[in-house]
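> The residues making up each chain are set out below.
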Amino acid sequence: MSTSLKGENAPEIAAYNFAYLDEQTKRMIRRAILKGIAIPGYQVPFASREMPMPYGWGTGGVQVTAAIIGPEDVLKVIDQGADDTTNAVSIRNFFRKVADVETTTETARATIIQTRHRIPETPLREGQTLVYQVPIPEPLRFLEPRETETRKMHALEEYGLMHVKLYEDIARHGHIATTYAYPVKVEGRYVMDPSPTPKFDNPKMHMSPALQLFGAGREKRIYAIPPFTEVVSLDFEDHPFEIQKFDRPCALCGAEQVYLDEVLLDDRGGRMFVCSDTDHCETRRAAGHVGELGAKEAAQ
Amino acid sequence: MYVAVKGGEAAIRNAHRLLADRRRGDRSVPALRLDQIVEQLGLGVDRVMSEGALYDRELAALAIVQARGDLIEAIFLVRAYRTTLPRFGYTRPVDTAAMLAERRVSATYKDLPGGQMLGPTFDYTHRLLDPELAEGSEVPEPELRDEAVEAMPRVSDILGGEGLIEPDGAMPAGHVTGDITREPTEFPMERDTRLQALSRGDEGFLLALAYSTQRGYARSHPFVGEIRIGEVELELEVPELDFPVTLGRIRVTECQMVNQFHGSAKVPQEFTRGYGLVFGQSERKAMAMSLCDRALRARELGEDITAAAQDEEFVISHSDNVQATGFVEHLKLPHYVDFQAELDLVRRMRAEHEAAHGGGERKEAAE
Numbered sequence: 001m002s003t004s005l006k007g008e009n010a011p012e013i014a015a016y017n018f019a020y021l022d023e024q025t026k027r028m029i030r031r032a033i034l035k036g037i038a039i040p041g042y043q044v045p046f047a048s049r050e051m052p053m054p055y056g057w058g059t060g061g062v063q064v065t066a067a068i069i070g071p072e073d074v075l076k077v078i079d080q081g082a083d084d085t086t087n088a089v090s091i092r093n094f095f096r097k098v099a100d101v102e103t104t105t106e107t108a109r110a111t112i113i114q115t116r117h118r119i120p121e122t123p124l125r126e127g128q129t130l131v132y133q134v135p136i137p138e139p140l141r142f143l144e145p146r147e148t149e150t151r152k153m154h155a156l157e158e159y160g161l162m163h164v165k166l167y168e169d170i171a172r173h174g175h176i177a178t179t180y181a182y183p184v185k186v187e188g189r190y191v192m193d194p195s196p197t198p199k200f201d202n203p204k205m206h207m208s209p210a211l212q213l214f215g216a217g218r219e220k221r222i223y224a225i226p227p228f229t230e231v232v233s234l235d236f237e238d239h240p241f242e243i244q245k246f247d248r249p250c251a252l253c254g255a256e257q258v259y260l261d262e263v264l265l266d267d268r269g270g271r272m273f274v275c276s277d278t279d280h281c282e283t284r285r286a287a288g289h290v291g292e293l294g295a296k297e298a299a300q
Numbered sequence: 001m002y003v004a005v006k007g008g009e010a011a012i013r014n015a016h017r018l019l020a021d022r023r024r025g026d027r028s029v030p031a032l033r034l035d036q037i038v039e040q041l042g043l044g045v046d047r048v049m050s051e052g053a054l055y056d057r058e059l060a061a062l063a064i065v066q067a068r069g070d071l072i073e074a075i076f077l078v079r080a081y082r083t084t085l086p087r088f089g090y091t092r093p094v095d096t097a098a099m100l101a102e103r104r105v106s107a108t109y110k111d112l113p114g115g116q117m118l119g120p121t122f123d124y125t126h127r128l129l130d131p132e133l134a135e136g137s138e139v140p141e142p143e144l145r146d147e148a149v150e151a152m153p154r155v156s157d158i159l160g161g162e163g164l165i166e167p168d169g170a171m172p173a174g175h176v177t178g179d180i181t182r183e184p185t186e187f188p189m190e191r192d193t194r195l196q197a198l199s200r201g202d203e204g205f206l207l208a209l210a211y212s213t214q215r216g217y218a219r220s221h222p223f224v225g226e227i228r229i230g231e232v233e234l235e236l237e238v239p240e241l242d243f244p245v246t247l248g249r250i251r252v253t254e255c256q257m258v259n260q261f262h263g264s265a266k267v268p269q270e271f272t273r274g275y276g277l278v279f280g281q282s283e284r285k286a287m288a289m290s291l292c293d294r295a296l297r298a299r300e301l302g303e304d305i306t307a308a309a310q311d312e313e314f315v316i317s318h319s320d321n322v323q324a325t326g327f328v329e330h331l332k333l334p335h336y337v338d339f340q341a342e343l344d345l346v347r348r349m350r351a352e353h354e355a356a357h358g359g360g361e362r363k364e365a366a367e
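So the protein lines, in turn, are chains Z and W. First residue of the first sequence: 1, per the numbering used here; consecutive thereafter. First residue of the second sequence: 1, per the numbering used here; consecutive thereafter.
Derived from the structure by calculation, the hints contain no laboratory data. Treat the hints with caution; some may be incorrect.
Here are the simulated DMTMM-like cross-link-like pairs (lysine to aspartate or glutamate), alpha carbons at most 20 Å apart as the crow flies [as the list claims (entries may be wrong)]:
no., chain 1, residue 1, chain 2, residue 2
1, W, K110, Z, D266
2, Z, K97, W, D130
3, Z, K245, Z, D235
4, W, K110, Z, E282
With the hints as extra help, turn the sequences into a complete structure.
And the structure:
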């Protein structure tokens, strides 16, 4: 199945396969994904391809999605939790163009959700796949820049350095000073980078009924968390893992216990806090939930 | 020997003639005009102006044609020209908050005063070759807004209002701004001259160094506070007049990187800055520059210096591509005399070695 990316009249010198990648590349990526699922949290090297968007824009996630997507899938793409951020729009349009699939902003309707930096607030269900865009897959990278060393450390399950780092945080700051890309241990074996999601989202990874796939294009790594896998954020008995708490609800929909974005209203300190997950916020507002500013808007 | 020199002259003359021929290419294809390059290869022109350190689009275009599209060669041509120009003064500091911006994005705030404005960016294009371009198809006019732009305060100033970010860098009292084109480089440098060197440093080199900081070699936890591209006004103080004279406008790209900073012995915990400013539209260069600037402030902020990107001497000494290409490529120049001396030395030492150890070992080494 091939797709022409140009209009009817354009010269036909470039035709692309369904979902952009050729079938052999897809098979290669699927093998890496299967290996990743078989060894949860283990970083599987793969022959990452050049993609028509730059490294850092989610080439790993796009490759994973391209390898698993079929004509029946319904795709949702979010960046920073929102469907309307430019890069999410761009990637969604890309798959609409090259795979002609149905897209959605509703978390519940999607079969594949590609994400950068967030996990949706709506709990995922069995049969859904969450594809993460990963910039630096190696959780030990900032403790040891050399890949040869970090792979050895994973092989020997030598994670002392990470615990020392977390301990040093506590010694210096009184608490662990990592707020996003907070390291987790998967199924009691591999320490894994959850991609730069806020640690707020870490608990959602634990025992999730959905399949979680991670793609890092520039670093050429794929890893996975199969459904119903134990995912534990690293901590200490006397300093247990904690997520961020906001001292106010979403200004638009009044949601509590969700992750909020800070929006500047002027240059004199005016600001508001709103749901980072736009679909969650819209769904709540459609259901009649109103926040502080939402109430004002309605009154006007 | 005399014969060889004559042969050299002829060889150079013929080589230049051949070069001119190859540069022109097939005579049945129309020659490139400078306005075509200025208009249609604008970002290449910008890079040549930026690293050539001379704001003149037409000259940069000329350099590009003359260099057959080799941008470092074109930069060299522009540098070699600019160095002949008299320096008649220094403009007042440019106010980038007053920029007539065509693009302005912040990665730290979803929305902010003045808004986010994508402008003419490749960012969300899909890199699919467009066969229609080869056909020279018509391009529709862009959408332009008519209403006046609302004020666009710099993100660093917004953060500064809350005291969360360090103040804009200050120089010691009585410090006269340096000029790397007029004074020899000395280490350690002040930030003013260092920024000048970075601004005309090689894009690829700074990009690689910036990248290394992201991958753990002197990590600086960066956020793009703001990138803005647009025109700024240049003003010159003239001794005879008591008001600054406007010289005109130039297009620049500015990047303010905001970096997480956990504090050190010298400085309390706050956000710190990395700064990038280059001629024309070159976001990659401005961003790389700001990451390098932040990394190079390690000494000032009391951070451990562990990586290449933090080593001022290493970075600044190697960032100038005209210098670098010159020294690397000079190796193809004749080195007969030195080589001869080396040959002699090696031969002598081998003879001494053989005399001491007999001939057997040499055979082994050859295996």
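> Could you run down the list of hints and mark each one as holding or not?
Hint by hint, here is what the structure shows:
no.	hint	result
1	W:K110 <-> Z:D266	holds (13 Å)
2	Z:K97 <-> W:D130	holds (14 Å)
3	Z:K245 <-> Z:D235	holds (18 Å)
4	W:K110 <-> Z:E282	holds (17 Å)
In terms of the numbered hints stated before, the structure departs from none.
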